[in-house]
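Enquirer: Residue strings, one per chain:
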Amino acid sequence: MTTPTNAAVRTDTVWKIFEHDGITVEAVRGVTVRIEPGEFVVLAGPSGSGKTTLLNLFGGLTRPSRGRVWIDEQDITDMSERQLARLRLERLGFVFQAYNLLPVLTALENAEFSLLLQGVDEEERQRRVSALFEKIGIAGLEDRRPGKLSGGQQQRVAVARAVVSEPALVLADEPTANLDSASSDALLDVMVRLNADLGTTFVFATHDTRLMERAKRLIRLVDGAIASDHRR
Amino acid sequence: MQRLRLIVRLALRNVRRQARRSALTAAAMVVGLALLVMSRSLADGAHDEWIEAGVRLGSGHLAFQAPEFRARHAIEEHLSAADRAAVEAALADTVIAPHLKAVAPRLEITALASAAAAAVPVTVVGVDPAREPAFSEMDQRIVEGRYLEPHDHLQGFVGVELAQRLRLRLGDRLVLTAAGPDGAITDQLVRVVGTFRTAIPEVDQSLIHIPLATAQAWLGVDSGVTTIAVLLDASWNADRFTRRLQEALAPHADRIAVLSWRAASPELDAAVRMDDYGDYVFHGILFIIIALAIVNTVLMSVLYRTREFGVVRALGLRKRDTALLVLTEGLILTGISGLVGVLLGLAVTWGFFHDGFDLTAFMGDQMTAAGAVIDPVFIPQFRVVQLIQSAVSVAIVGLVASLYPAWRATRIDMAEAMKFEA
Amino acid sequence: MAAGPWWRIGWRNLGRNRRRTILTATGLAFGYWAVVVIAGMADGIVADMVRTATGILSGQIQAHAPAYLPDRTLYETIGGNEGTDVPALLAAIEREPGVLGAAPRVYAGGLVSSGATTVGVLLVGADPAREDSVSRLTAALVEGHLPAPGTRELLIGSELARQLNVRVGTELVVVAPAADGSLANDLFTVAGLYRTGIAELDGSYAVGPLDAIQALLVLDPGRVHEIAIRIADPWTAPAIADSLGTRGVTPAGVPVAFRPWTTFRPELVDYANLSAGSMWIVVVIVFLMAIFGVANTLLMTTFERRREFALLLALGATPRGIVRAVLAEAAALGILSIVLGVVITVPVLIWWHYDPIDLGRLFGDFTMAGALVRPVLRTDYPVTMFFYAAGALLLTALLAALYPAFRATRVPPADTLAGR
Amino acid sequence: MRHLCIAVLLALASPLHAQRTAREIVDHVDRLLRGNSSRGEITMEVVTAHWQRSMTLAVWSLGTEYALIRIDAPPKDAGTATLKSGTEIWNYLPRVDRVIKLPSSLMGQAWMGSHFTNDDLVKESRIIEDYEIAIGFDGMRDGVRVWEFVLTPKPEAAVIWGRITEEVRQDDMMPTWARYYDERGDLVREITFSEYQRMGGRLVPAVMTVVPTDKPNERTVIRYVRLAFDVGLEPSFFSLRRLRSGAE
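Chains as they are written, first to last, in the working numbering: chain A, 1 to 232; chain B, 1 to 422; chain C, 1 to 420; chain D, 1 to 248.
By construction, these hints were calculated from the structure, which means they are not laboratory data.
Small disclaimer: the values here were computed from a predicted structure and weren't measured.
Careful, some of the hints might be misleading.
As the list claims (entries may be wrong) - The list that follows gives simulated cross-link-like pairs (lysine to aspartate or glutamate, EDC-like), each with its CA atoms no further than 16 Å apart:
1. D:K76 - C:E171
2. D:K154 - D:E129
3. D:K215 - D:D172
4. B:K101 - B:E137
5. B:K319 - A:E81
6. D:K76 - C:D180
7. D:K154 - D:D130
8. A:K135 - A:E166
9. D:K154 - D:E132
For reference, chain A alone in the conformation it holds in the complex (with noise of 0.2 Å):
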């Protein structure tokens, strides 16, 4: 699967240590790993093992103690906080495993916040969400609040706040934890949906196994490191 494009998001012996309280953790230990675009990867491994980190480290939400990050080869490990927002709206999305839809916005409002913020023209907005919220199967419920809608039904509009400006790399942190099964199968086909359709890269941190079953990379961290690292 190597590719001569540049790599969606690559580390090279990242370590995250944190200190708390005199107490260092090691979060993540010399992480070496490259994710190409257009990859679905899943970053596997129980409680602590570093996901979450990992996956904040790629997002440029959290800098690495040590190593570097690159996205789309760009160096993000010393970018400005400006830089990086830039960064963040323009090539990444998030799913959070507790939706972390804005309460005060509308389910429509939620999903195109990037695109309002890259300035997209409203008719544009509504085209490209109304568009994608029927993909992913809750059309008519643009004018809901977060509060008025399920489980499933926010971390779609979630999803769909993610992928909306079509971002070249999607992370999501156990985005169907708190899913039943029916709901997180529908979630997950919209992904695999998106991955396929729009070539998007996704990696998700989890310890869900379906949804490791759907990973075409499945990367297993055990203690901050990487212990397997499977295409499939």
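Chain A is already provided as a structure; the job is to place chains B, C and D on it using the hints.
Expert: Chains B, C and D alone, transformed into the frame defined by chain A:
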């Protein structure tokens, strides 16, 4: 631009979503601001009353005198008919004229008052009975008898303590002895037509009002006066009008001096300014408390929503944007409660106190301060400038109080967004 | 049920969100600070006014012959025409607890003249050494020196000096009707000038040594009109005057009337009452504001802890118990705030007592209710306000907790536990 | 009231026609009491509740405009002098060798501790201009035929009294007393005249006693020891230099 609109929209929605908390913060600010408006309008009212009480018994908000009169207090330092005409012309100024409440010409002299019982030094003021009541309101301080009337000639309106000391009753005769401009001592008879009490001992012991024409004839100064005292509609106009009149009368500066009440009653000026300072301190404290309430609420709402801030940051908002979001929320809250607070303050002040805020319980019927008798019932004064000041101050307080929470919001770890439980 | 567990829960809950607790407590403590410091300043201003009003000349208690007032005739000296043993009377007065000093004086209306100018004045004969412990006249000296006993020297006000156009060292003619009916007249030298800022004092008083003025007025050394008394705490003046009057400090058969300043300066009492009255307005306003801040915080903590309250209810706690927990938390917060408030207030009070804020440059001196006020905001120790404000603060915290406490009991247990 | 001056300027009463009007009689008495110029020696005894003293005074006068009074005894006050010139009063104080002009605010004070005020010295006599005069009584009192005149101030007259009554003996036109009332009719002070004798060629009451009604135990008694009229004084005599030098 779109980003800004988004932020404003988010802020608006946030304020609305946290209705209860917003309401509480707003309530704190509304109450604070209402109190501020109330306290300021009452303080302004009290001050204006204080100043007015002082200047009514003194030489007005502004006064025209011969330049040396204030220092020498001698009758030869009087304004001639020509000077008076110049003053009248200056007061006809279109800017000033609408603000004139009363203009009182006066001839003031120290004299000896003798009655059968005794003789004491007094201050005699020749006044225009038609114009003076609107000015010094002596007609409202009558103990017995009446005030001077336009056709009075030999009537005298006498301080009650002076009358007691000279054992005078209504109708009794009183001989005033003083030196005219030429130094010759002359006598004038007046009869007590009324007695008054201002509650200022020095005044009640030594002041006599007599008709201006009588005083002028007695002292031989034709239509001369020592002072033309002017009462304005509001004391805060005094300074700028004084400057304007000084400019207008500059050609006559060697004969006519224009004094504002600040110059004429420096004690009153200092006392009022001191009291103002006390009010500033008090209002400052109110503001700080309001600010603390805002900091508290806004900061709480920031800390409460760490995950939310993490999310919007992960979605591409810059630190600056999140700070702006918090500031906007603070401003919206401040703006709304500011408006409500000012209105409430006005309403309450108007509703409860337009007849006056009664401090009689603390002060007794009246008290004297810096040469003025203060009625302990304060009539609130509303001033647009003052309201704008209050509102702007509150907006600034709101903004400043939101700074720390805003800064805190930028410090939020985006990884928080990834965690399930905040 | 013992208050114990609720107190513990309340106290510990405060520790759960330290930042918020500190913020709220700081707000309350600041309110406390503001109230106490404002009260301290107001007390200080009143005390200062009383001190200056009574301190410049009059003293806080005056002793006269009963008939001396109101006419102040020359002949109504203490003890009548025979006079009295002044040193013994002074000593007896000074033995009274609370009395700091006593000074004898004679007064007479007279004229002072220099060149062509003659001005009517009140001549005062005083003992400069004793005046120091009673009045500020000697402290108000701006030029020259105090008149020495036995000399014909005068201390006059700066305004009088201006009217007479004289300086230190100039000779003045002093004329006054004497006690023997003659027209007393003599030359006095201006020894010093004083300035009190009170126009009347500065413009119409001339102070000479007691013996010289007595000699001028043909009064025996035992004849004085007034003994001015300074006491430590002006507010004890009525009690001390009463005590002096009833204890019989005067030699046998010499009737003396002691009057406290509260009777001869009633307007100062008015002002003090007004000042105390407005303090209550400040207290109410400040704590009214504070109520909202505290209610806000407590409401938020109770919302955050819905689950916990639901759990407590599910475990069988009564709603009243929940209310108690919230109130206990508020009380704990109040007490914490009082401690914090006292900690930030006391040093400031002490600081501003010894090194007061001086607004003199902004305002200059002025008089209010007949007293000279130096715009120096020296704080006094408002002892009662210290406790009242603490009480008000605690009350504020508890009042603010009522609504949140009520809300806390309204948590629907099942829903909350289900995670909604 | 300027009764000190009246006394100082006391003049001889000349024979009168009984049928004169009240106004004319009072005017006459008033004029008689003022010579053109005079020079006299007076003792003044003042008794108050607190002290009593006696002074010897030398007096010069010219009309109502000018008067000079010098204290000759007691020695302590000797040389102290008062000059009245028009409406001004000057005092000379030998002890300090200074002349002091009395400020107008102090005109109400007692002159030399007596029951006269400085103002009494200054005020010009305008009795007939200032008062309406009527005969209140005409007949015998204590065996003497007298008039009692009632002087009521004219509406605009600058005088302090509400009423003055004055008793004059009809046969020699000598005043016996004058009583001063306030407007309520309360007696304020009384002047009694006695010891009528010839001085400077005229019959005058040599003793004049002033008693303030509210202090009945106090009095000022003026006794003329020597008196000469028309002594030829000029206004220039009444100068500050003369005041200082003692007038001799």
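Enquirer: Are the hints correct? Go through all of them and say.
Expert: Hint by hint, here is what the structure shows:
1. D:K76 - C:E171: 22 Å, violated
2. D:K154 - D:E129: Since the Cα atoms of K154 (chain D) and E129 (chain D) sit roughly 8 Å apart, the hinted pair holds (cutoff 16 Å).
3. D:K215 - D:D172: 32 Å, violated
4. B:K101 - B:E137: Holds: K101 (chain B) and E137 (chain B) sit about 12 Å apart, inside 16 Å.
5. B:K319 - A:E81: 8 Å, holds
6. D:K76 - C:D180: Given pair K76 (chain D), D180 (chain C) holds - Cα atoms ~11 Å apart, limit 16 Å.
7. D:K154 - D:D130: 6 Å, holds
8. A:K135 - A:E166: 14 Å, holds
9. D:K154 - D:E132: Satisfied, since the Cα-Cα distance of roughly 6 Å is no more than 16 Å.
Violation of the numbered hints given earlier is confined to hints 1 and 3; the remaining hints are satisfied by the structure.
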